[in-house]
Each structure stands twice: as structure tokens, then as C-alpha cells.
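With the sequences and hints as input, model every part of the structure.
In order, the protein sequence lines correspond to chains G, X and L.
Residue numbering for the first sequence follows the numbering used here, starting at 1 and increasing by one per position.
Residue numbering for the second sequence follows the numbering used here, starting at 1 and increasing by one per position.
Residue numbering for the third sequence follows the numbering used here, starting at 1 and increasing by one per position.
Think of the hints as simulated: they come from the structure by calculation, not from any bench.
All C-beta atoms, glycine included, are put in the ideal place defined by N, C-alpha and C.
You can trust all of the hints, since none of them are fake.
Derived list of chain G stretches under chain L, where covered just means 3 residues or more per stretch with a C-beta under 8 Å from a C-beta of chain L: (1) 25-33; (2) 104-116; (3) 224-236; (4) 244-257.
Calculated pairs, DMTMM-like style, for lysine to aspartate or glutamate (alpha carbon to alpha carbon, straight line, at most 20 Å): (5) X/K208 <-> X/E159; (6) L/K185 <-> L/D168; (7) X/K103 <-> G/D194; (8) X/K129 <-> X/E115; (9) G/K92 <-> X/D14; (10) L/K107 <-> L/E163; (11) X/K103 <-> X/E73; (12) X/K129 <-> X/E94; (13) X/K74 <-> G/D180; (14) X/K103 <-> X/E115; (15) G/K5 <-> L/E104; (16) G/K5 <-> L/E163; (17) X/K339 <-> X/D248; (18) X/K324 <-> X/D285; (19) X/K208 <-> X/D193; (20) X/K339 <-> X/D256; (21) X/K339 <-> X/E219; (22) X/K74 <-> G/D179; (23) L/K185 <-> L/D175; (24) X/K74 <-> G/D194; (25) X/K208 <-> X/E12.
Here is what each chain is made of, one letter per residue.
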Amino acid sequence: MTLRKWLFVLALLTPGLGLIVAFIGVAVYIAIAQSFGLYNLSGESGFSLEFWVKMLDRKVFSRAIAYSVYIGVLSAFLSVLFAYPLAIWLRKPFPGSLTIGAMLKAPLLVHGLVAAFLFINVIAYHGVLNQLMQGLGIWDGPKRLQNDRNAIGVIVLQTWKNMPFALLLLTGAVQAISDDVLHAARDLGAGGFDRFRKVIAPLTVSAMQAALIIIFIGALADFSFQVIAGPTNRQSLAQLMVFYKSGGRWNDAAVVGVTLMGIAILGSVLLAALPRMTLRGRVA
Amino acid sequence: MGGISAHDLRMEFDGFAAVADVGFEVATGEFITLLGPSGCGKTTLLRMISGFLAPTAGTIHLAGEDVTRTPPEKRDTALCFQSYALFPHLTVRENLEFGLRQKRVPPADRETRLEAVVGALDLSPHLAKLPNQLSGGQQQRVALGRALVMRPSVILFDEPLSNLDARLRDQVRIEIRRIQRDFGLTAIYVTHDQAEALAMSDRVFVMKGGRIEQSDTPERLYGRPRTSFVADFIGNANVLEAEVRTVDGNGLVQLDTALGPLLAASTIPPQGSRIRVCWRPEDADLAATGPNLLSGRVTHRAFQGHFTDLHLETGATGCRIQTKQPGIQEGDTITFSLKPEQIVLLEAVA
Amino acid sequence: MMSAQRFNRILLVLLLSLTAIWLIVPFTMAVMWSLVDPSEPWTADRLVPPVISLHRWRDMWENSSLKTALVNSYLLAPSAALAALTLSMPTAFALGRIRFPGREAAKILALLPLIVPPFVTSIFFTSLLYQIGLHHWRFGAILFAHAIVFMPYSIRILTVSFEQVRADHVDAARDLGASTWARWKVAYLPALKPGIFASLLIVFIQSIEEFAIAFVVGSPDFTTIPTLLYGTLGQDFVRPNAAVLSLILVVPNVLLMLILERLLKSANPALNSGKG
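Here is the structure:
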């Protein structure tokens, strides 16, 4: 490559990739800098570990970490768990499979906030679910289901919204496996579960990892589902960050933001390694 | 080890019979080829034997055991796929071991079996490689080894050589036959290549429209086809319609054809008064004189190396002969004869 | 074979009814709530609202920031789509048609905005805006952020489109003496068209739906439909109003996605025939 060509390529990359790197890079840089007391909007700037030290002492911070990780991991695993059998089932077209596929993917078109509204509408104190359960005589009276303590509502919403995404990725991967390979496994004595464990799962592991990681990061950083349907006595990391920011406490918000990114990266690495490790033991 | 017996096998897809009332017996250690054009039902039949399709009606016995409703993973068959179907994420060794692990064969036993197959197929340099690092022929051998290592009572081949080039095809063909004999396996081999079928098989089942048209040794299939379909599908044949004049007690049949009167010697009586007959182009004898003396003008000549192909215009029709005699040119008129036993009586004309 | 078919049919019916319940029940509820007339509340003991009217729809239209939010969202989204398309074109060309060391790394780097949580991006982007004093022009700030955050989609789609432009078409155009512009029109544009539409639509939909940036950068006085809906669902939760907003937010999405689906489907045969 000549210098001229390099310059040409760089010039082409600048408005697109360059802007992305600069913009996201600056946002990340500011977050890190501010978490160490640098780059302050008002008052003095100077390197200090004080914000980290104070934050690590706060109970609300550690609880937010635990809570966000809980939501992120559970949402990612549940979405993939539901998507896998459906993807395998929809691998070969059959009458009605297109309709099914379209209906399963419908939540992709529904905005998260709308989904949240529809959901709380259904589980409301006087909502259809309560009425149905009472009508069937299972529950004596209406129950308070909204903002439940274990964040089941948030998990349901996350899974509802993200399962179609996992399905989309996994369907493509599962469809790429040839019939003959699956038939060969069967011919060599592999039953349904073994075929999944030894052939389908290892061959779709990249799609599975992509789904796990992307859903994990999204659910980890969840704000709106948490505010609308989550437990009122818990805060997610994003919620905590917005809280600090609206109070003008930029440095504290930065600490939470950097933590959020750190967990996102760490979690992604772990999620990427996990399927490979569990599968390797079984493949060899 | 064991043979196969099938009775009244039928497979329908949406009312269309892909295989219609097929029955056969295969002895232990026999090498059978299912031969036919695409859509004749040969692959469907293979899939029923391997268990991937449950027949609409009829039964299949493997080694004396009724397996009609047994799923493929529980059947003692091993299938070699046209696409090889190697597991792309597993090494050659893991591919070969897959079925043995599935069957929970003890490690020591597994190793012995693996070594035998690896040795026979010359796979030892490739054991640690992934399938995509192998050539087509090597992949084919791994697929073969993966099936062989199972020591199945029946080994099934679904056009396994169609993705190989001609030279390699010859080599693997010999290898397959050798190993099948060495391991004493019963084999069913699907192909649409008649040369392959003739070269490899103990018996060939020629299939057409979901039925077995004729099952015979390659020699008989070639020399004594029973229908014009078989005659045409296997090798080259001159097929023509004939009126049966007389039949005598010695099996000599007087025929009237577009080529003129012909005398045929047959062990079976003609199927009707108006039948089809055939003869092979290479049976035309340019030197001899005999009862069936025919002549024609050469309209096309194609030199093929070890013989020359000639298209003749004889009377109202045409025919094709092959000769080793050089020097015949287009436009020449030649005379040739056919022995009565070389004229084969086929089915009646409907 | 037969049993597998029956199994499929049973599963199909089961799943269809489940999904129907999953989709139809919530949406029916939303429609009914949006029609509740304020004169008489819809209490738990009634199956349908006692008095039905379009009052809520009219009310939301006249007496809330819905109109502004609609204008904002529907100005923002197409602008963001166009901006993202324009900015990503050169990068996609480089990634799709020029071989250079580090190309694969560049492709992955372009996905960066998808990996950094949106709230981190938006909060520290705001911080950046304060530093450079741009925080007064909210529309511009959000537009800029949307264009960048959703650029990974347009870069990815257009890179694939550029890869599919056939070199022999370009060469043929050149051989026939076409000018640079004519070459673009003849060789590139037909192959790029589906990608351009897809990229515009996806960024449009993403921008209409985007909440974090619009919320953090825009609050308190710049509303888009998602931030308005969030407000309606949060502090001042009035169920019928939220129902109206939800329906307004979801219908265009469905329509756009249907267009997108059609577009992607029609894109395939075009590419196949192009391969000849």
C-alpha cells in the first residue's frame, strides 16, 4: 500500500468510522476522567480516587451492581433458552411456519416502552390477569403484581423483547446446518438431546454468544423497564447513574457509568468463554 | 452381520407413491446397487432402510429383526452421505469416534476399531485435522471410515462418489469394494451411474417409477435385460418393435421388424404377439454370415479409441453398431450379422 | 413422518393461540383503554368500558405536548437516517471495496456504539456538550448523537451492498468510457439501492424509538414520542393517555417494518439476477 492509498482510505473512514471512534471514545474517556475527578464541569479538577472510594462504600451501589447483573444474566439466558427450541423447530419450513415466525418476531416491532405499558396493563391490580385468576377461582382476591420484589416483571419484559432477537440470530445459524450432518449424527446413534449437545450447539455457538452478549449488555444497562415495572426499592446501574447526573453529581455518575461499562466488557468475555468451555468438555 | 428383507414397501408423499410395493431379499455380505434415473425412488428406498423415512406400508427386517418403526439412531445401519456430512467442528478422529462414543463402546475396544479403519483407509496423517482441511477424496474416506468403524450389519451408500473427479472415483470405488469384502459387510449402494453399478455390485436393482424393474447380476442385467427401460438404461442398446411370427420348441423365435426378419433364441417365451426386442451394438459381427444378416449405409462415424461407433441407415429405420474394424467411412454400405441368442426379447407392446 | 406432522400441527395451534393471546390481549386492552370516556371510569367489574369515545385521543392531541413530540420525532428520525447514510457511505465504500490491512478490525470497531451502554454514551455526551456549549441546540445535539450511535447499522448494511457490486460491471462501465458519475449510476447504484433503503429505514425506526439519548440530552424541554410516553408512564400515569400514546408509537413501526420486510425480500432476487 502506498502512502497515497493509505491517505485515501483514511479520508474515506474519517466521516464514518472516525466519527464513531471519536464520539464514543470521547464519551468513554470523559466518563473515566470524571470518575477520577478530572475534567469537571464546575469547580476544581484534579486526580482523586475519592469518588471511587466513597462509591464503593455505598450500599446502594453494590446493590445496584448485583441487581443489574441479575437482570442482565437472567434475561440473556432466558431469551436464548426459549429461542433455541423454537429456532430448531422452525429450521425446516412447514405449513404455518412463516406465520409463527412472524408472530414470534413481532415484539421486535413493539417499542420497549409500549411493551412495558401493555404489560403493566395486563398485570395491573384490576387487569385481565388478576380478573382471569379470580374468575378461575385460583386467587381469592386481586394481587399486586406490578413492581414485584424479585423483578419478575422486568425479566418477563426483557425476555419478551429480546427473545425474538435471539431467535433471529439462532434461526439463521441453525438453518445453516445441513440436513445431512444432522442425519449423520442420527444415523450414528445420537438421539434428540445428543444431537443438540454435540452437533447443533457447537455449530451455533457463535450466534449463541452474540445473542447472549448483546442481550446481556442491553438488559444490564436497562433503565426504562426498571423504572416502569421494576421493584421500587431497587435501582439499576443506569437508574443510579441518571439519578446522580440529574443531581449534578457528574463524578458519581461517571463512577457508575465506568462500572457499567466494565461489567459489560467483563460479562461479555465471560459469556463468550462459557459456552465454549462447557461445550469443549463434551465434544472432546 | 445380517441381511435385509423388505416386503411390500410403500412410501407415499401427499398421495404420490415414491416407492410402490417393493419387496426384496439381500443376503449377508452381498453388495447391492440401487440404480435408476433421478426420481425413481432409489434414495427414498435407502432412507427407509436407514430409518429416516417410515414407510407408509410394508415391513423391513435387518438381520432377522423387524426394524420398520425403529428410528435411525437405534438401527444397526451406517449411511455414507453424498455430501459426506462430516461434522465440521470435530477433528477427523472425533468424527470417526462419534458413533462409537454414542454407542458407549469401551475405550480400549474403540481404539482397536479405530486403528483398523484408519489403517485400511490410510487416514493416520489426518487424524488431528478438521474436515475443511482435507481434500474431497480424503473427506470421502473419512465419511466411509466413520460408517465402517461402526461395524454395522448393513452399510448404505447414497451416491458417495458423485462429488469426486473421475480418476479418484475409480480409486475409491475399488477401495469401497475391497473394504466391504474384507469386513464382510452387507452393502446397499445408490447411484445413477450405470458403469459404477456394473463394476461394483453382486446384484443391481434397476428402479423406475418407484418399482424395481429388474434385479439381477450385472452380467445378466447387461446380457438379458427384461424390459426396454433396462436395456436402454444399462449400456447402449438397439431397441425395436417386433411382430412374433413363430415360436418353435427349442426357443427359436421368428420375428418381423423394421430391420427385416430376425431370428432370436430365447429361454423365455415372448410376452405377446407384438413385443420389443433389443441387441447390443458390439454384438454386430461384420465378418460372419448367419441367419440374421443385415446391411445399412453408414451415416455417422465416431472413432472411440478401442472401437468405432457407427450409425447406420437400414431400411426404414436406423441402428447403431460398434466395431473394431478400421477403414469404414461415412457413406459406405456394410453388412453384419447377429447371433440369434444375442437378440433379447423384452416386454410386450401395450 | 405422520407423527412428526401431527406433533407440528399441535405445537402450531398451541403456539399460535399463545402468541395470539400474548399479542392480541394486550393490544385489545390498550385500544379499549384509549377509548375510555372520562365521564365514567372503567372499573374492574366491567368487561368493556362503560362509555366509549374518542375523547382521549382528541384531548391528547390538543392538550399535551403530543403534537410537538410528533413533530420532533418525525423531523429527527429522517434527518438522522439521512445523516447516518451520508456519513457512513465513504466508510462503507472503503470497507466493502478496498483491501487494506486492518479492514476486519475496522469492521468490528464500527460496531462500537452497540457495545457501549446507551446511557453511558448519552450522559457523557451531554457532558461533552456542556463543555463545548452546544447544549442549547437540543435538536442538533440529539440528531448528531443519533446519527453516530446508529451508524453501525448503516455501515454494516452498506458494506455488504458495496461488496456485492460486481467488479466486471464497474470495469464494463469504464471500458465503455463512462465518467465517474455515470459509472456510479450504472454499476454501483443498482446494487446499492436496497442497502440504502434498508439503512434509511432501520436508522429511521431506531431513531423514532430511541429513548436514552433523547431523554438525557433533551430533558426537560425537548420531547420526542418515547420521552413523552415515558413521562406518561412514570410520574403522571394516566392509563388511557398512555394507551393513546402507545398505539401512536407502535402503528408506524409495524407499517415501516412491513415495508422493510418487503424491501429485503425484493432485494434478494435482484442480487441473484445480478450474479447471472
